[in-house]
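K.L.:
Chains as they are written, first to last, in our numbering: chain A, 1 to 203; chain B, 1 to 477.
If you only want the chain B side, here are some residues facing chain A, beta carbon under 7 Å, derived:
| no. | residue |
| --- | --- |
| 1 | 20 |
| 2 | 25 |
| 3 | 27 |
| 4 | 41 |
| 5 | 42 |
| 6 | 85 |
| 7 | 152 |
| 8 | 157 |
| 9 | 160 |
| 10 | 161 |
| 11 | 260 |
| 12 | 264 |
| 13 | 320 |
| 14 | 324 |
| 15 | 422 |
Partial chain A-side listing against chain B, Cβ under 8 Å, derived:
| no. | residue |
| --- | --- |
| 16 | 76 |
| 17 | 179 |
| 18 | 182 |
| 19 | 186 |
Since the hints were derived computationally from the structure, they do not count as laboratory data. Ideal Cβ placement from N, Cα and C applies to all residues, glycine included.
Below, each chain spelled out in residue letters.
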Amino acid sequence: MEAFTRLDAKVAPLPLANIDTDQIIPKQFLKGVDRKGLARGLFYDFRFDEQGREIPDFVLNRPEYKGAGVLVAGDNFGCGSSREHAPWALMDFGVRCVISTSFADIFYNNCFQNGLLPVVLKAEEVQQLMEEARGGNHVVSVDLAAQTVTSPSGAVFHFEIDPVRKDKMLKGLDAIGETLQAKDSIDVYEMKRALAQPWFEGA
Amino acid sequence: MRAMPGKTLYDKIWDAHVVAETDGEAILYIDLHVIHEVTTPQAFAGLREAGRPVRRPDRTLAVADHNIPTEGQALGVDAVADHEARLQLQTLGKNVAEHGIEYYPMGDIRNGIVHVVAPEQGRTQPGMTIVCGDSHTSTHGAFGALAHGIGTSEVEHVLATQTLRQKKAKNMRVRIEGEPVPGVGAKDYALAVIGEIGTAGGTGYVIEYAGSAVRALSMEGRMTLCNLTIEGGAKAGLVAPDETTFEYLKGRPSAPKGGAWEMALDYWKTFFTDEDAVFDREIVLDASKIAPTVTWGTSPEDVIPVTAVVPAPETFATPDKRASATRALEYMGLEAGQPITNAKIDVVFIGSCTNSRIEDLRAAADVVQHAFLNGRLVAPHVRAMVVPGSGLVKEQAEAEGLDAIFKAAGFDWREPGCSMCLGMNPDRLKPGERCASTSNRNFEGRQGRGGRTHLMSPAMAAAAAIAGHIADVRDFL
Ligand code: SF4
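Whole structure, please, built from the sequences with the hints as guidance.
P.N.:
Next comes the structure, spelled out in structure tokens:
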């Protein structure tokens with residue numbers, strides 16, 4: 001997993017609440033067997049019309065937001081289906097950070113598995129970022145070590161993040177390798193369980 | 001010193017599964033891992049790249065459900081027309097064979113929607129931890145099991161370690177008390193709860209459902225209720241196990257037998273919330289005040305009683321919500337202030353892991369039969385389909401003659417699978433089509449691009465099929 005330390009990137013505003021994972025990556029893009037090439041499907045129904053033509057005024061199609069690395073969106077971003085294709089598609093598109101007032105649980109967890117940073121800010125801060133993102137300068141700085149987002153105008157917003165998650169994100173640590181270090185504890189747990197609840201074995 | 005406060009059901013299941021705790025995060029043992037074709041290929045690929053085996057193939061169960069067609073299943077996977085879907089199904093077949101995982105492939109009578117199959121086989125049991133790469137895993141909470149959806153990286157993590165790294169959620173209790181009015185059931189309760197707390201209202205919580213109306217529900221009803229918990233944003237939903245649970249489990253293929261059954265029963269009976277346990281949040285609903293409920297918008301929290309009118313965007317509290325409501329009305333082709341029963345229906349879908357079990361099909365068939373005896377069929381302009389949740393549900397329904405009732409009234413009787421719940425297979429809405437659906441998500445494009453979904457109970461969907469528009473099932477009883 002790629003480490004996340006600090007990001008200076010364009011921010012694109014998506015002022016809608018409850019953007020769900022079906023909108024982030026519609027189901028017709030879930031049929032692959034690997035993680036690549038998903039950028040094409042990102043926000044597909046927002047970006048393209050029924051004939052597959054670009055919808056020019058959708059924010060991510062506008063030239064001033066080309067290459068945006070940060071999204072700022074309304075409440076409850078990433079609700080709906082648990083598909084991990086949502087963070088994969090965002091990452092494949094070049095987005096490394098999403099800012100909102102709140103995220104759906106599964107999406108939030110999935111972000112950390114993939115090096116995509118979800119940042120929770122207060123409603124008025126998100127509002128201010130949205131407005132500034134619509135102005136002439138679109139670049140924000142996200143500093144994970146300092147836990148800050150610096151808006152285009154230079155306003156600094158602090159965000160909270162779980163220290164364990166932060167640390168792993170900063171180092172780009174793989175969760176499976178880490179858990180396998182506790183293999184002995186898992187072995188012991190299974191042995192105890194096999195004695196106390198024997199019907200679990202060989203079901 | 002004060003005595004330790006009591007534990008909730010969630011606390012007890014959690015405590016029984018902690019393998020180790022590090023930095024405020026627990027390594028939680030997973031008792032059952034259910035997998036399907038869509039969210040696993042990348043996980044198995046990851047294992048292969050890292051040279052890691054599957055730790056407990058025997059605690060893993062695989063089905064094919066999300067993108068299988070609902071006809072011609074006997075022809076086998078190689079006959080699936082969509083080549084990407086076929087590739088995913090073939091990939092799953094290869095992966096389970098390589099790792100020795102039990103698999104009910106398409107066409108096997110035991111196959112069906114993952115959240116229908118595992119309970120039906122008796123794999124889902126009280127006090128367990130259960131995960132699956134699908135958000136509606138919350139369904140299994142009906143048995144008093146801690147069950148929730150995970151992403152593909154976590155699927156890989158569980159395959160490799162049989163554990164999951166988790167942080168503990170907070171406790172919420174939703175009590176539904178009293179007698180429901182006729183025609184109202186678990187689906188209406190679930191929609192009413194989401195309407196009450198909002199789609200983000202459960203975020204960070206595990207919800208335990210309690211109260212006399214919940215106790216009175218069958219296992220099918222409890223599964224419907226827990227299934228929709230995720231639409232309220234909660235991590236998982238739970239119902240404490242009781243006689244109804246044990247009765248359902250007894251004799252199922254994977255349920256414990258003989259002496260083990262008695263042992264298991266003693267163990268299961270320890271999973272309840274202590275009287276003095278404290279919940280972080282508690283909500284009480286009066287079942288007698290819940291009407292048959294439908295959604296009008298594009299979020300499951302957009303619910304109204306079937307007797308109500310479509311709300312106006314101005315009535316919402318925040319600018320975000322007003323913008324979403326305006327967009328939803330436009331997408332849904334509805335006017336604020338119109339009675340929801342005016343909405344003309346093009347398609348009826350009875351199915352999905354929310355409502356495709358035998359009791360759901362019976363409830364729908366009951367309405368259809370009543371109408372049939374009064375000389376009424378599916379309205380001529382409506383395309384109506386019933387998709388049983390598994391091969392075994394289908395078989396049971398056919399043994400009870402339900403298929404004959406549906407077919408006589410003009411319904412299409414299909415083979416099991418997720419089908420039009422998410423439209424990954426050929427069952428989809430066309431742009432602008434309006435669907436009365438027993439599934440769980442009314443998001444834009446969920447059932448097909450431009451499709452308009454109204455969520456409701458199986459009985460309400462059956463009533464809509466006959467009426468040709470959204471209708472109050474109580475007029476059909
Ligand atoms: S029926 Fe729908 S919600 Fe349930 S598992 Fe299938 S796709 Fe998911």
